[in-house]
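> Single-letter residue listing:
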Amino acid sequence: MKRSKVLIFFAKKIIGAVITIFLVMSILFVLLNSVAGGDMVTRLHPFASAEEKTMLRELWGLDRPLFEQYVIFMKKVFTLDYRLTPDQETTSMDELLFFFPYTILLFGTATITAYVIGIFLGVQLHSWRNKGLKALVSGFSIVLYSVPAFVLAISFRNWLVFKYEVFPPVNIFNVEAATIFEHFENFQMLLPAMILPLMVLVLVGLARPLLLLRDHMTLLLDEPFVLTARAKGLTENTILSEHVARCAILPLMSDASINLALIFSGGILIEYIFSWPGIGMQLFAALKILYYPTIAASIFLLTVLLLISLIIVDILNVYLDPRVSL
Amino acid sequence: MSAIDTCRICGREIEVTDSLSCRFCRAVFHRACIVDHLYDDRFCPVCNNEISLIDLAHGESPEYTRKIPAEIRKPQWPQLEEVPLFEPAVVVKPAQRTEYILQGKRVSRWQGFTSQYLPIETLKEFKKNKKGMIGLYMLVAAALVAVLAPALILYDPVIYMAEEAYVYHPPTWKYPLGTDVFGRDIFSQVVWGFRNALMIAIPSAVLVGVIGTLVGLVSGYFGGIVDAIMERISMTFLVWPSVPLVALIVFSWGPYMALPAVILGVAFTLWPTTARAIRAEVLSLKGRPFIESAKVCGASSVRIIFRHILPRVAHITFLYMTLAVASALVLEATFNFLGLTSPAVITWGQMLSFAYHSATARFGVGGLMAWWAVLPPSGAIACTVLSFFLISTGLRESMRLPTVSF
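Respectively, the protein sequence lines represent chains A and B. Residue numbers for the first sequence follow my numbering, beginning at 1 and rising by one. Residue numbers for the second sequence follow my numbering, beginning at 1001 and rising by one.
It should be emphasised that the hints constitute simulated quantities derived from the structure, not laboratory data. Glycine is no exception: its CB is placed at the ideal position from the N, C-alpha and C atoms. Possibly wrong hints are sitting among the right ones.
[To be verified] A partial selection of chain A residues facing chain B, derived with a Cβ cut-off under 8 Å:
(1) L31
(2) S34
(3) V143
(4) P148
(5) I258
(6) I315
Can you build the whole structure from these sequences, using the hints too?
So this is what it looks like as structure tokens:
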């Protein structure tokens, strides 16, 4: 692979990502401006006097025409200036970046685990002789997929955390962790509480890779190269895992880009139920009181996170599939 | 009119023998000028009335003014008896109806029309497919329940029944599935929920199908800059998290518009998936010879897209619409749980979240939900989602398509 090709690939991806962020934040601007009940000042300081409101409007640039407000908003978005007043020391972005590792910890682990288990089970499903067991596994994953995730999450939490006290809830958490060491201590404290949300996320996310892989493998089993492999005298397990599964994983990668988006938007719910200290939780709390800087910052951060993981998926796709080049 | 005048077109001096004047405005022109003017125009250059060569007077133009009627008469038609009856010489035949012929057999219009979009082989295969037919029967049953809901419910599902003995009561003969905290019969609520579930699911599926198909067709067919723009837009909607989107729409429209907001939110976040699948299919169809021949015949791109390509990708649209229904129901329950919709509308998600919130209010955080309040609505959601899922599986198997995307 040439170096210039890699550079062009990244340049394309980054330009596309910037345009996407721009569009996402434009939609956010439209939505925030269409919220009923007055503008940002009336929302955040409903009982302030008229003079104070005019002062705040001048400070935040809300007395200018809409287009100028849009320009100011975009400037703030891309300079990561998510705060109400210029003298505010910590921006909303700083607060969210504090919770960023914990979101990554939960959802990164969950996604990778779900995909690994799903791929493993999908391959295994073909080598099992027991038809009833096969139907059981695939039926179980479909039912888990079709029941709303929050029912599962709440029931698990109520039984296993509160009634039988198998897993601890998230109750010890150092909110003022500053160094990496303190963050690491936080990780250690959170690990026992992470098991349950992880389990729910894996159970819900299992169905997609599992069924997709199973379908693709069923189609691939009729291909001539499988016949060749069988004629060579390879064992059935080797054929499935080495030859068929490798081909069947490729469409899984392109599907992952869509699945990731769903995981991130569904994550807000899981974080809310298990009171997991993450970006989704902060976003939801901000949505309740309509605290504009945090809403904008967390949507920006979620978008960036998703775009980065999509780029990673693309790179993995190139690495796995010889037909695709950068 | 004097003997020396100027032509109104070329502005030069004119001789009477050489002049023509407009009978409306009496402007004078050279003969050559006006003929040249009328060669590619029908109107007098001065007064803009429609004129032809016979409206031009030679020499001194006669007095001519248009008569303006003093009063406007009603048009008088001859009496019906006075109108002679003519036998029309040429009998106008009724327009030839398109005949659909499938596999050598003439079929009905309806069957022929649908076969354009769902090929008949697919339907035959689908009828043989066990999973797909079970899903279809389940869906028909759900639709029947939704239609017959007023007859099936035992009690009013909305009004609170403050019967002390039957508030939050496990199933009995009087209340077959128990009651919730407000004393509302859960069975009736579940039955009523079928209506709202279909009311949410079907519009969002239609929106997903229409937007996704249009965008996929356009971006796949035109390619280039259009494709790049569409790709960016669909990426934008793909990465927008659905919860804040719906929350902000509900905040701006008010809780009474919660259902439309949910439908819109579901449609907005799900159409990019459809658009991507359609685009990939269109890209593979675009290079086929029949598109080439349509282009050679002079078909416009709109015609090619809608008459030649659309019938060949419609089955993918149906597939994604069934999947959108499943996602819509689950997402609606999620939004309900987060408190983004109106509590006055009885849906299954509303029942589930109400069970959770009432248990939390009664027993504190971590209070166990009553099983009779959780199992029926979640079972109903699971059954409906499962029916659409089975239909899409059956469709896919009968179309021999490899992609599962849900």
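> Evaluate each hint against the coordinates.
Hint by hint, here is what the structure shows:
Hint status for A/L31 relative to chain B: holds, with the closest Cβ pair at about 4 Å, below 8 Å. Because the beta carbon of A/S34 sits about 4 Å from the nearest beta carbon in chain B, less than 8 Å, this interface hint is met. Restraint check, A/V143 versus chain B: the minimum CB separation of about 6 Å is within 8 Å; hint holds. Interface hint at A/P148: satisfied, since its Cβ lies 4 Å from the closest Cβ of chain B, which is below the 8 Å cut-off.
Hint status for A/I258 relative to chain B: holds, with the closest Cβ pair at about 5 Å, below 8 Å. Because the closest C-beta pair between A/I315 and chain B is about 17 Å apart, greater than 8 Å, the hint is violated.
Comparing the model with each earlier hint shows a violation of hint 6 alone; every other hint is respected.
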